[in-house]
Amino acid sequence: MEALRCKGSRDLLPDDMARFRHVEQVFRSSCLSWGYDELRTSTLEYLHLFTSTGTLTPGMLSKVYSFLDWNGWSGERVVLRPDGTIPAARLYVENLVQSGMAKLFYVENMFRFEETGQESRERWQCGAELLGSAEPSADVELVLLALEVMARLGLTDVRLQLSHAGLIRALLRESGLVPAEQSRLFDLIMDGQTGDALAGMMAAKPLMKESLATLFDLRGTTPGFLRNQRLALAQISPRLEPSMDNFITIAQLLTDLGCGYQINLSSGKGFEYYTGILFQFQVGEQRVGGGGRYDDLIPLMSGGDACASGFALDMDQLVRLAAGSPTVTPGVLIHSLDQTVQGQKLSFETAALLRQRGYIADCRPADAEGPAHRWILTIRSQGGKPRFLLSDRTSGKTAELDSAAEILGILQIANATKASPS
Amino acid sequence: MQLKLALPKGRLQQPTGALLRESGLEIDGYDEQSRSYRPACPNWPDLTMKVFNERDIPIQVAVGNYDLGVCGQDWAEELLSRYPRSALVKVKPLPYGGRDLCLVADASSPMATLGELATGPGRVRIATEYPNLAESLCLNRRMRRFSIIPVWGAAEAYPPESADVALIPREDDAPVDPSLSSLATVLRSSAFLVAHRASWESRDMAPLLERLYATIGRTQPAAPQVRAAPAARATDPSSRAQRDPAAVWLALPDGHQQTPVAEFLEQAGIRLTPRPQEARRPSINLDGVRTKIVRPQDMPLQVANGNFDLAITGEDWVAEHLCRFPSSPVKKVLRLGLGKVKIVAVVSKRLPFENTQDLRSPLRRHGFAILRIASEYVNIADRFARDNHLTPYRLLPTWGASEAFLPEDADVLIENTQTGRTIAQHNLKIIDTLFESSACLVTGESATNGSELKRKRIDEVIDLLRRSAHQN
Chain A
1 MEALRCKGSR
11 DLLPDDMARF
21 RHVEQVFRSS
31 CLSWGYDELR
41 TSTLEYLHLF
51 TSTGTLTPGM
61 LSKVYSFLDW
71 NGWSGERVVL
81 RPDGTIPAAR
91 LYVENLVQSG
101 MAKLFYVENM
111 FRFEETGQES
121 RERWQCGAEL
131 LGSAEPSADV
141 ELVLLALEVM
151 ARLGLTDVRL
161 QLSHAGLIRA
171 LLRESGLVPA
181 EQSRLFDLIM
191 DGQTGDALAG
201 MMAAKPLMKE
211 SLATLFDLRG
221 TTPGFLRNQR
231 LALAQISPRL
241 EPSMDNFITI
251 AQLLTDLGCG
261 YQINLSSGKG
271 FEYYTGILFQ
281 FQVGEQRVGG
291 GGRYDDLIPL
301 MSGGDACASG
311 FALDMDQLVR
321 LAAGSPTVTP
331 GVLIHSLDQT
341 VQGQKLSFET
351 AALLRQRGYI
361 ADCRPADAEG
371 PAHRWILTIR
381 SQGGKPRFLL
391 SDRTSGKTAE
401 LDSAAEILGI
411 LQIANATKAS
421 PS
Chain B
1 MQLKLALPKG
11 RLQQPTGALL
21 RESGLEIDGY
31 DEQSRSYRPA
41 CPNWPDLTMK
51 VFNERDIPIQ
61 VAVGNYDLGV
71 CGQDWAEELL
81 SRYPRSALVK
91 VKPLPYGGRD
101 LCLVADASSP
111 MATLGELATG
121 PGRVRIATEY
131 PNLAESLCLN
141 RRMRRFSIIP
151 VWGAAEAYPP
161 ESADVALIPR
171 EDDAPVDPSL
181 SSLATVLRSS
191 AFLVAHRASW
201 ESRDMAPLLE
211 RLYATIGRTQ
221 PAAPQVRAAP
231 AARATDPSSR
241 AQRDPAAVWL
251 ALPDGHQQTP
261 VAEFLEQAGI
271 RLTPRPQEAR
281 RPSINLDGVR
291 TKIVRPQDMP
301 LQVANGNFDL
311 AITGEDWVAE
321 HLCRFPSSPV
331 KKVLRLGLGK
341 VKIVAVVSKR
351 LPFENTQDLR
361 SPLRRHGFAI
371 LRIASEYVNI
381 ADRFARDNHL
391 TPYRLLPTWG
401 ASEAFLPEDA
411 DVLIENTQTG
421 RTIAQHNLKI
431 IDTLFESSAC
441 LVTGESATNG
451 SELKRKRIDE
461 VIDLLRRSAH
471 QN
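Protein sequence lines correspond, in order, to chains A and B. Going by our numbering, the letters in the first sequence line up with residues 1 to 422, in that order. Going by our numbering, the letters in the second sequence line up with residues 1 to 472, in that order.
Just chain B, same shape as in the assembly:
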């Protein structure tokens, strides 16, 4: 019997591969070096596997694209807290991938408990990668007024300036950063075997499950790794302690953009000095300027909310933000000319589509009841579909490894690419270029907040970066 299994990449990839192999499955192409998203199992040819970001797996299993999946319980609960009736069955916890979700505040915050947070006056701002769980928590704790700030990552960097608390994952009982205090552990999770409800009710998956269960039974849960607690916070004044209404907050990107941007700043005469105790808050050689390193995807929203005055992000993420919030106060002030990518529409080479026009009327002729459009840029993809009258269509938000979705689980992908090589390697083709994107500097319309000093500081940063941009 054919079975479809969704496997995670990232932190759960190695132990999941080990579990499958210890269960007697010969798995090829499921290791961190592999560029394929389709591992094979020569001694179980009826088993079809595909690799996804673990966050996508509960959704893929719930919609029935896969019979079984392995993901963190946190992501299963994130789906179920919003859609409790979705067709996702939590089958069995797996003895690895321990992760707690903790609600944390800045260590200097007067809030010490979840109860104090819930009953406090004013609006509570919660930064998190888990917006559904955070909202559910707020509703169940009867918080009157709250804002959930969904972020792609680095939620721990947001309190206290940009959020009151953060709901963050903590791996294997790792100690919480000493700059943060934990108010509550909201969920203790591990890796989990999940199933599509209809598959669970109607298909005989016992031969595979027996092997897995036998292996799990032999495996003791991994002892929590004992990690050295981070040293106590240094005594030198951090950026948190100083309250300067004219201070300029500059957001810098993490991930693969971090090094090129640091080099770009260096070229402009701006030097960042790491702070050992506050990895996401390097010091900067500009008076009155504070920095924070966060995900570029999250910056436009943070600038719109006034949490940053300036941010170096990608034009793609600015466009994504403006598609969602057309009247946002975020504006681009400078194109930096680095990190150039194209945002493209991609389909499988097997499909008879050569351009966007082809996606319109022939849709039904080629047997597509609904055009499934996958993308990390869900709002750009929505706009693309609307502007091109691709009706009917359905959006599939993804969290990475997006090429894996085509052609079985999506028909079109809106993706960024530098050279197009990765797209071609996955047997895909580009049918449209939506726009070109590079790193850019953005600000908010009311960033100066009426302060002449702040305006001067912002202008100084822009001038420095403009000079450097001209050299690129």
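Only chain A is shown next, with the shape it has when bound in the complex:
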């Protein structure tokens, strides 16, 4: 059959959606319990929101879906939302900045071109943003929230990696490179090409070579590692200390809360808007999400000096990795053998009663294939009176019944005892 689905797009089939909704529900309930409010931003945004320095790297911008809208005769381009944080920050600036701190979360789709067509160009993310706070505790809260979501989804072997965009930016400033080259190397690191960027920094300032090698090559698991590094970096410049102090504070708080992590400055892959702590979440070797602090983004949007931090988890990865399946409501497949109006009416009324009591009631013709509900209720008319045949697919047992009340009675007993009708 000729492929009708767009290259690079993906459908979510009923089973996929059930798992998707499960992950979404866990994420939503976690965020709500931490005091976060849900938002949903527009799928279309202006391109210029993403183009200035400090938003998306040129590499990412080359993959956004941008076009002229139907009234775009001025040449102003719009994009399909390529990222969740920038629209959330835009929403905050336009609506919530007066209220100070805002804790927001979202489940949204993002669109970025993917060249091979093997992966979906539409990706779902669940993210949380804590806007209006510069405190290290805000960063730690976000890390803990993300870890809680993954724990509730049954993910094991979740690894947290920490880096610090502020420290990387400070190192670039000390390299003596011109600002444009600093930006380019920072973009390389954010695009995951740390080796190339490091080589550029070392070439610019050979005296930093050992310190940079130590900082980027070694991995630490305690604040002590950062304190050791701070001593080494002090040889380069005291201007690195504020970022390092912030890094140590966050690492210390995570340690005190019993949260394990690995400090890996090379793991800083992310967005150009990051200015402080960076965190990545991995399950095995698979990256499942990340985030960080972005204190310059809201000022860039003329939203005042509001600092902010956030994270996003890759829904597609979570759906794939999440253990268990969502709770399934007991389902009853209803077959009506009486095709008269009276018979159809009885079928609808019985289904409505079952739904009122919290069951899935799925009416289908007797010869139609249907989902594998546990119960099958066949309704027929005998001498003008309705007769019900309730079958339990699990046990293979059946019961002849005279009324809807009897049906409910059996279903309730089965639900309570997990037994089947005798």
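By construction, these hints were calculated from the structure, which means they are not laboratory data. Worth double-checking, as some hints may not be accurate.
[Claimed, not checked] Residues from chain B shown here face chain A by an in silico Cβ test under 10 Å; the list is partial:
id	residue
1	P131
2	N140
3	I149
4	R324
[Claimed, not checked] In silico SDA-like cross-links for lysine to any residue, where the CA-CA straight-line distance does not exceed 20 Å:
id	chain 1	residue 1	chain 2	residue 2
5	A	K7	B	L395
6	B	K349	B	I370
7	A	K63	B	R145
Predicted model only: the values in this text are computed from it and were never measured. Here a beta-carbon is modelled for each residue, glycine too, at the ideal position from N, C-alpha and C.
Starting from the known structure of chain A, fit chain B onto it as the hints suggest.
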């Protein structure tokens, strides 16, 4: 082995023909006088050639309709900057067709460098025939807010009123017009031999390439032509220097419509006087009216953006604009009755289609997996296909020489015609007339901008033209 070669018409046609002939290929029907789009090579019968506008060639080669092509590197880069993974291989630069792409601003502009442009406040408007390269430039230079104004040509006429800068081609190191200042040379290009990637990877094209390479090796790159720099700008005040908020900007067409429109204006008592220093800004004998000569294709968009208050363009281009931007403020105020053409749907005479209805359900029966519709009027063609339920279809934007596309590279052409003779000469037939078009006067809904004086001036121009139109 059969090889398909796409050849350019226009500026690269003569030197490309010379290159092929010096390489020992006898090429018939590839000269500027030829009306055929299919040159022949009697001493290499396996070589199939077709002539296109050079802008179409990278696309035709990238999609695999041709194994090799010759075009300007600028047009190859224009494609690759937007579609870096397209199947286009840049094989070899050719020693002719030198062209730089320069970013220019009006000479009076305070901007002197690209850096100043990138870091300046507000939105930067860039007029250009190269929208993909311009967008790529803006993104890489981290310009926060920019508008690309795609134009069919004459981009240099847009600054400073209608654009902040223009990205324009400059042939063979010709000096930049003194009314403009160059901020940067974005690309230095020449003619280029390009190949389809799969052909390059799987087909033996060496016999042809060896001949071409040998000739190229013998050919020294053409020395840049030394051209006299245009004289310094005249001291008499140009239209740029005067800032009058009530001034009415009138756009006039270039190309083949320029002379008939000038005659029409003359008939209405409106005289244009050329300005030697500003060829695209003739003076006009109407108080408070300024003129600029641009491509008629670009006028509706410019009127919509308020860069012109009135424009003489074709109804076809107004329709094209409104198909793309249905809520545009552009409105037609007067049909001038000159430059009449029909916009028609055309197919090859070989096809069993006699009307638009035939393009619908029998599509698959006649072996068309997808109906390929070529047109310079890409939005009209899109509307035509949608309204007639021609599904599935694919649009092929073209930049001229559109008849060449049928039947090998497209199935249907949406084209304008005066008499239908050219269409018949290319063994094509008209199966539908979409509408008739003539030159018209358009304005924008908010052109007066609240100024009573401006409204009066606009009305005066309309009245003059209306009287002349009635005589036609």
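Verification of the hints:
no., hint, verdict
1, P131, "holds, 9 Å"
2, N140, "holds, 5 Å"
3, I149, "holds, 5 Å"
4, R324, "holds, 8 Å"
5, K7/A - L395/B, "holds, 18 Å"
6, K349/B - I370/B, "holds, 19 Å"
7, K63/A - R145/B, "holds, 18 Å"
Going down the numbered hints, you'll see the structure goes against none, and every one checks out.
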